[in-house]
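With my numbering applied, the sequence shown corresponds to residues 1 to 110, in that order.
Treat the hints with caution; some may be incorrect.
Said to hold, decoys possible - Label-pair distances were calculated between CB atoms; the ranges are:
1) ARG56 / LEU89: 11 to 21 Å
2) PRO103 / PRO66: 15 to 25 Å
3) TYR85 / ARG56: 14 to 24 Å
4) GLN83 / LYS32: 27 to 37 Å
5) HIS86 / ALA33: 32 to 42 Å
6) ALA33 / THR59: 12 to 22 Å
No lab work stands behind these hints, which were simulated from the structure alone.
Note that the coordinates shown come from a computational prediction; the quantities given were computed from them, not determined experimentally.
We put the beta carbon where it would ideally sit given N, CA and C, even for glycine.
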Amino acid sequence: VDCEIVERCCKFSVFGARGLGVRSSAGPSLSKAEFIEKVRQSNQACQRGDFQLAIRLYTEALEADPQNCILYSNRSAAYMKVQEYHTALDDAIKARLLNPKWPKVGQFAQ
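Hey, can you work out the whole structure from these sequences and the hints?
Structure (structure tokens):
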């Protein structure tokens with residue numbers, strides 16, 4: 001999995017942003033603009049090779065949209081880069097459960 005794949009995948013993250021504005025127990029909700037910015041920052045962190053930051057930012061975005069299979073898929077890819085394979089698999093499975101037809105995680109979660 002490389003950053004280019006993660007970047008292309010993330011461009012569609014806002015499509016799944018149906019849960020925005022919902023307050024999570026971890027803190028205040030994100031506006032749509034804040035959510036988009038968080039995903040953009042995640043993409044940039046991944047491109048720079050800062051996968052730990054990307055994981056943190058994807059986690060924050062998931063707090064605003066916990067049903068977003070794309071964010072789980074992207075975070076899974078970042079976890080793969082830092083060799084946290086069990087956590088990567090957990091996220092791949094979550095992505096697949098949320099959207100069984102999502103092709104990016106089929107090879108990991110089957």
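Against the structure, the hints come out as follows:
no.	hint	result
1	ARG56 / LEU89: 11 to 21 Å	19 Å, holds
2	PRO103 / PRO66: 15 to 25 Å	21 Å, holds
3	TYR85 / ARG56: 14 to 24 Å	19 Å, holds
4	GLN83 / LYS32: 27 to 37 Å	34 Å, holds
5	HIS86 / ALA33: 32 to 42 Å	34 Å, holds
6	ALA33 / THR59: 12 to 22 Å	19 Å, holds
Of the hints listed earlier, there is not a single one the structure fails to meet.
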